[in-house]
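Participant: Counting in numbering that gives the first Met the number 0, the sequence shown runs without a single skipped number right up to 124 at its last residue.
Treat the hints as calculated values from the structure; they're not laboratory data. Note that the Cβ used here is the ideal one computed from N, Cα and C, for glycine as well. Treat the hints loosely; a few may be bogus.
[Claimed, not checked] 30 Å max Cα-Cα, derived DSSO-like pairs, lysine-lysine:
| no. | residue 1 | residue 2 |
| --- | --- | --- |
| 1 | K81 | K105 |
| 2 | K81 | K59 |
| 3 | K2 | K55 |
| 4 | K81 | K55 |
| 5 | K2 | K59 |
[To be verified] So the derived label-pair ranges between C-beta atoms look like this:
| no. | residue 1 | residue 2 | range |
| --- | --- | --- | --- |
| 6 | R1 | S31 | 21 to 27 Å |
| 7 | R1 | I36 | 46 to 52 Å |
| 8 | R29 | R72 | 18 to 24 Å |
| 9 | K2 | I122 | 54 to 60 Å |
| 10 | I33 | R1 | 54 to 60 Å |
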Amino acid sequence: MRKLILVTVLVLMMVPLVAAAAYAGNQIIRCSGIPCIATGQQDLVYERAGNGLNDKIYLKGGSDQVRANGYTRDRDLIYGGKGYDLIYVNDGDTNDRIRGGAGNDKCYVDSRREVVSGCSSVIVR
Numbered sequence: 000m001r002k003l004i005l006v007t008v009l010v011l012m013m014v015p016l017v018a019a020a021a022y023a024g025n026q027i028i029r030c031s032g033i034p035c036i037a038t039g040q041q042d043l044v045y046e047r048a049g050n051g052l053n054d055k056i057y058l059k060g061g062s063d064q065v066r067a068n069g070y071t072r073d074r075d076l077i078y079g080g081k082g083y084d085l086i087y088v089n090d091g092d093t094n095d096r097i098r099g100g101a102g103n104d105k106c107y108v109d110s111r112r113e114v115v116s117g118c119s120s121v122i123v124r
């Protein structure tokens, strides 16, 4: 009985540590300032909330997703990382710029001129 209690206590102590490590690998980031820098894991990055707020977002690696298409009348600058990134800047204006990284990035834009470099697939919407 004593061993069972000891094992149960150890398991309960380990749960927060394992959960924190798993959570750190897949962050949801809502940018709050400039620059906004991803973690290097598989991140979901949202631009700052509000029309007319320019963002500068840096991805550090991992297969990330950037959602900079929720607000318009802004100039979002996205710098891709090494992973396979999905980058959305199709927000109703053509002011944004994407510099994809070393990975095969898929970029959703309002105009092809928004892609400076690095997008292996460009979808105009």
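Participant: Hint by hint, say whether it matches the structure.
Facilitator: Consistency of the hints with the structure:
1. K81 with K105: It holds: about 13 Å lies between the C-alpha atoms, which stays within 30 Å.
2. K81 with K59: Roughly 7 Å between the alpha carbons, so the hint for K81 and K59 holds.
3. K2 with K55: Violated, at about 54 Å.
4. K81 with K55: holds (17 Å)
5. K2 with K59: violated (45 Å)
6. R1 with S31: 21 to 27 Å: violated (49 Å)
7. R1 with I36: 46 to 52 Å: holds (49 Å)
8. R29 with R72: 18 to 24 Å: Cβ of R29 to Cβ of R72: about 19 Å, so the range 18 to 24 Å holds.
9. K2 with I122: 54 to 60 Å: holds (58 Å)
10. I33 with R1: 54 to 60 Å: The hinted range 54 to 60 Å holds for I33 and R1, with Cβ atoms some 57 Å apart.
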